[in-house]
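Those sequence lines, one after another, are chains A and B.
With this note's numbering as the guide, the letters of the first sequence map in order to residues 1 to 324.
With this note's numbering as the guide, the letters of the second sequence map in order to residues 1 to 315.
Hints were generated in silico from the structure; no laboratory data involved.
Just so you know, not all the hints are guaranteed correct.
[As the list claims (entries may be wrong)] Derived lysine-lysine pairs resembling PhoX-like cross-links, with alpha carbons at most 25 Å apart:
| id | chain 1 | residue 1 | chain 2 | residue 2 |
| --- | --- | --- | --- | --- |
| 1 | A | Lys164 | B | Lys183 |
| 2 | B | Lys183 | A | Lys115 |
| 3 | A | Lys307 | B | Lys29 |
| 4 | B | Lys153 | B | Lys183 |
Below, each chain spelled out in residue letters.
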Amino acid sequence: MSFINYRPLRCVFFAGCLCLSAYFTAGAQEFSKGEEILRELMWDKLVQTKTPARPAVGLALSGGGARGFAHTGVLETLEYAEFPVDYVSGTSVGSVIGGLYTAGMSVPDIWKFAKETSTLKIARDFKGIKLLSLLITNKLITPTYINQFIDKNLGSLTFGGLKKPFSCVAMDFRTGEKIIFDEGPLGIAVKASVNLPGIFAPVEYRHRYLVDGGVVDFIPVDAVRLLGADWVLASVTAGASTYLPGNVLMSLLQVIDIRGSMLASNEEKEANFLIKPDVGEIVMADFDRCEEAGEAGLVEAAKRVDKARESYLIFSAPRLLEGL
Amino acid sequence: MKNSAGFLLLLLVPANAAAFLFGGISDKKAEGMLNGMSANFEKGDCQAVSEISASLFKEKPSSAIREKAYSYMGRCYEAQGLPDKAITVYKLAYGLYPESDFFAGRLASIYMKTGFYATAVPLFEKALRGRSDDPEANAGLARCYASLGFLSKAKPYYSMAAILSDFGDLDLLKEYAAQMLRKRDWEEADLIADYAVKLAPGDAGPREVKARVAAGRGDYKRAAAQMRAAVKLSPSDAELSIELALMELLGGNSEAALADIPVTGTEHGGLASLVRGMALHKKGERARALEYFKEAAGSSRPFIAAFAAALIKNK
Numbered sequence: 001m002s003f004i005n006y007r008p009l010r011c012v013f014f015a016g017c018l019c020l021s022a023y024f025t026a027g028a029q030e031f032s033k034g035e036e037i038l039r040e041l042m043w044d045k046l047v048q049t050k051t052p053a054r055p056a057v058g059l060a061l062s063g064g065g066a067r068g069f070a071h072t073g074v075l076e077t078l079e080y081a082e083f084p085v086d087y088v089s090g091t092s093v094g095s096v097i098g099g100l101y102t103a104g105m106s107v108p109d110i111w112k113f114a115k116e117t118s119t120l121k122i123a124r125d126f127k128g129i130k131l132l133s134l135l136i137t138n139k140l141i142t143p144t145y146i147n148q149f150i151d152k153n154l155g156s157l158t159f160g161g162l163k164k165p166f167s168c169v170a171m172d173f174r175t176g177e178k179i180i181f182d183e184g185p186l187g188i189a190v191k192a193s194v195n196l197p198g199i200f201a202p203v204e205y206r207h208r209y210l211v212d213g214g215v216v217d218f219i220p221v222d223a224v225r226l227l228g229a230d231w232v233l234a235s236v237t238a239g240a241s242t243y244l245p246g247n248v249l250m251s252l253l254q255v256i257d258i259r260g261s262m263l264a265s266n267e268e269k270e271a272n273f274l275i276k277p278d279v280g281e282i283v284m285a286d287f288d289r290c291e292e293a294g295e296a297g298l299v300e301a302a303k304r305v306d307k308a309r310e311s312y313l314i315f316s317a318p319r320l321l322e323g324l
Numbered sequence: 001m002k003n004s005a006g007f008l009l010l011l012l013v014p015a016n017a018a019a020f021l022f023g024g025i026s027d028k029k030a031e032g033m034l035n036g037m038s039a040n041f042e043k044g045d046c047q048a049v050s051e052i053s054a055s056l057f058k059e060k061p062s063s064a065i066r067e068k069a070y071s072y073m074g075r076c077y078e079a080q081g082l083p084d085k086a087i088t089v090y091k092l093a094y095g096l097y098p099e100s101d102f103f104a105g106r107l108a109s110i111y112m113k114t115g116f117y118a119t120a121v122p123l124f125e126k127a128l129r130g131r132s133d134d135p136e137a138n139a140g141l142a143r144c145y146a147s148l149g150f151l152s153k154a155k156p157y158y159s160m161a162a163i164l165s166d167f168g169d170l171d172l173l174k175e176y177a178a179q180m181l182r183k184r185d186w187e188e189a190d191l192i193a194d195y196a197v198k199l200a201p202g203d204a205g206p207r208e209v210k211a212r213v214a215a216g217r218g219d220y221k222r223a224a225a226q227m228r229a230a231v232k233l234s235p236s237d238a239e240l241s242i243e244l245a246l247m248e249l250l251g252g253n254s255e256a257a258l259a260d261i262p263v264t265g266t267e268h269g270g271l272a273s274l275v276r277g278m279a280l281h282k283k284g285e286r287a288r289a290l291e292y293f294k295e296a297a298g299s300s301r302p303f304i305a306a307f308a309a310a311l312i313k314n315k
């Protein structure tokens, strides 16, 4: 574990303080015992309830390159809470994590993927970019290893065959249109969603030339609502990096990143609840730090999950009452 | 902090060139001083420990004696409630004796108590590499992991700490069970609550955990029975009674819920009104229910107030 950059959390383990509420809120905000009783018991009831007796929950996973692995930690925390996730959407790296999750990959296995990313060949697609050859040949490159990974893990699947409804977002490079995929083969849709413009060649599919959806829709809240979500939790890994790029490639990535963050500031207002892990200092292409991003995601989600549950409970209150 | 660091640096300055060059020349005298530190530490006289330490370090004692002296100083600062000074001593000592599990463990413990969980984790891990059967370090690492949200990582360390304390530490068992509830690991929470019930049959807390486990599993009949046992053990606790009422209501028994809601003052009034309103709503008494929802919506507790407001909005 890295545990390097986390800010200290408020200590709630006071000696002699043995009431349940103190322990329930460890690592999170403090609540009154009465609120804790209401939250925990109504939550038990809520998670035992199927839609439409409760509102459908959508999970929107943002882009963000290596930072996007923070979604893994968010997923783990949601699993601890048995947070119902009925629909998932993803942009860019969010489409990869979302695709794996809705295909049925367990959260520990997604963690394994995050931990191994630095040694997987995926990073080589970035590290191996030779700017000189890009300029000389005047051709965009194909992300061979990323494509291989997607083909291996998602290539044989279709949207219809997933365990949960899922959509992902790409952009038509010729028209600038936002394209939401929610049916057909999964692999090519995810490849399109994660395909950085200006570096990787557009994915040609259904007479369109597709690139990373993060350019037009960094947090796919609308996409998950279109699937049927009533209440949306967004996991957002927008960048706030003060890193000064040292070359053309990193400059391009930084511009994409800044553009994503600008989009995020508007789009996050559309979500019912936000979890924003503190991963701003991780650079998009820093695939050596995926595990650190995941840990940051988990720490932030753990701090926020009780508030997220309360928000969803308040939204669900009328239906819960009718179901009593 | 700054002053104590300066003081510690002064302690490292050689007062005697021969001792500095050849080392251990004053060990006999230093050993006597160390014994004095030990005796005063046992008596709880940290002022004396501090005074002796100043003289001791001037003697340039051997490394082993210095290591022990640092441990007395650090523990004295801890006992005096001066974590900043204790951290300074332990950090210095840990730098000088990086193999020491003791200094790693003490540093970890202070960082944990002051809320620096992420800083404490690698230090606890270091301490446990040397002493894997240390119950305090196991519990400390579990607590840090749990506080950061790493509940799966916390579980084996809680388990080890409970085993090492022979399931005889009630506070630890309650904490362990509560974290397993948070993880919604019903089986483990129930098991640990059973140990706690055996250890303290008159304590309502473990019964409440068992009731929560049953509610989490959707067995509200069992949940209400366990909660009733908890209320019996602590009849003056209004919140336990409201919790029982809510469990009855969620199990479909609105009459029992209404009967169980205590008459409360304003302190717990919001939740009591909300539960009463929901029970009346279930009975079909919508107008009366609305009155109670309005009462609850005025609660000073934001979640209770917002939940009640959402119910009113729907009417």
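Evaluation of the provided hints:
1. A:Lys164 - B:Lys183: holds (23 Å)
2. B:Lys183 - A:Lys115: The hint holds at about 23 Å.
3. A:Lys307 - B:Lys29: It is violated: about 61 Å lies between the C-alpha atoms, which goes past 25 Å.
4. B:Lys153 - B:Lys183: holds (11 Å)
The structure shown violates just one earlier hint, number 3.
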